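**Student:** If you want the building blocks of each chain, they are given just below.
There are 2 protein chains.
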Amino acid sequence: MYKAKVNVTLRKSILDPKGKATHHALQNLGLNDVKEVRIGKLIELDIEAETEDEARKIADTACTQLLANEVMEDYTIQIENN
Amino acid sequence: MYKAKVNVTLRKSILDPKGKATHHALQNLGLNDVKEVRIGKLIELDIEAETEDEARKIADTACTQLLANEVMEDYTIQIENN
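Chains as they are written, first to last, in my numbering: chain A, 1 to 82; chain B, 83 to 164.
Same shape as in the complex, but just chain A:
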């Protein structure tokens, strides 16, 4: 069993309103040293596979078919052996 940690983030060129709102809220709390906030998704998949390569392939298919919108988002996959 492998665990795939998928990070999905908005591309740098895309405005991130959730991040902007969070940044504003942190400033209201007095945390003025925080200069930028961007918010993405962390998706953890438990994958039944023989090899790490196979697990990565399955995670990549999940990303392209469902988890990430490649027009607006980038994703990275990190595989851990459980």
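Think of the hints as simulated: they come from the structure by calculation, not from any bench. Because the structure is a prediction, the values reported are computed rather than measured. Check each hint, because a few of them may be wrong.
Restricting the straight-line Cα-Cα distance to at most 27 angstroms, the calculated cross-link-like pairs of lysine-lysine (DSS-like) are [claimed, not checked]: (1) Lys18(A) to Lys87(B); (2) Lys35(A) to Lys94(B); (3) Lys100(B) to Lys18(A); (4) Lys41(A) to Lys100(B); (5) Lys102(B) to Lys41(A); (6) Lys5(A) to Lys139(B); (7) Lys85(B) to Lys41(A); (8) Lys57(A) to Lys5(A); (9) Lys35(A) to Lys12(A); (10) Lys18(A) to Lys94(B); (11) Lys20(A) to Lys100(B); (12) Lys102(B) to Lys35(A); (13) Lys12(A) to Lys117(B); (14) Lys139(B) to Lys41(A); (15) Lys18(A) to Lys117(B); (16) Lys57(A) to Lys139(B); (17) Lys5(A) to Lys85(B); (18) Lys20(A) to Lys5(A); (19) Lys5(A) to Lys94(B); (20) Lys12(A) to Lys85(B); (21) Lys12(A) to Lys94(B); (22) Lys117(B) to Lys85(B); (23) Lys35(A) to Lys100(B); (24) Lys102(B) to Lys117(B); (25) Lys87(B) to Lys12(A); (26) Lys57(A) to Lys102(B); (27) Lys41(A) to Lys57(A); (28) Lys94(B) to Lys139(B); (29) Lys117(B) to Lys20(A); (30) Lys35(A) to Lys85(B).
Chain A is already provided as a structure; the job is to place chain B on it using the hints.
**Tutor:** Okay, now just chain B, sitting in the frame of chain A:
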């Protein structure tokens, strides 16, 4: 300038309906080797600080005061020097 990568995940004991829905959607796509899905948040903070310790302290304050609900969620902070 430091970059703090904050992962906020639901505690294991808390039901994750978004994850369940995603799991179901992946099964409908034929990805039956995915056995569990859990969804969390990835928050990237750009922090102006003198030292890594100071940056971590600011990120930790942001988590406890705003970003994570410690009753239901766990968080991890990873600091990178930019």
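**Student:** Looking at the structure, which of the earlier hints fail to hold?
**Tutor:** 2, 12, 13, 15, 16, 21, 22, 23, 29
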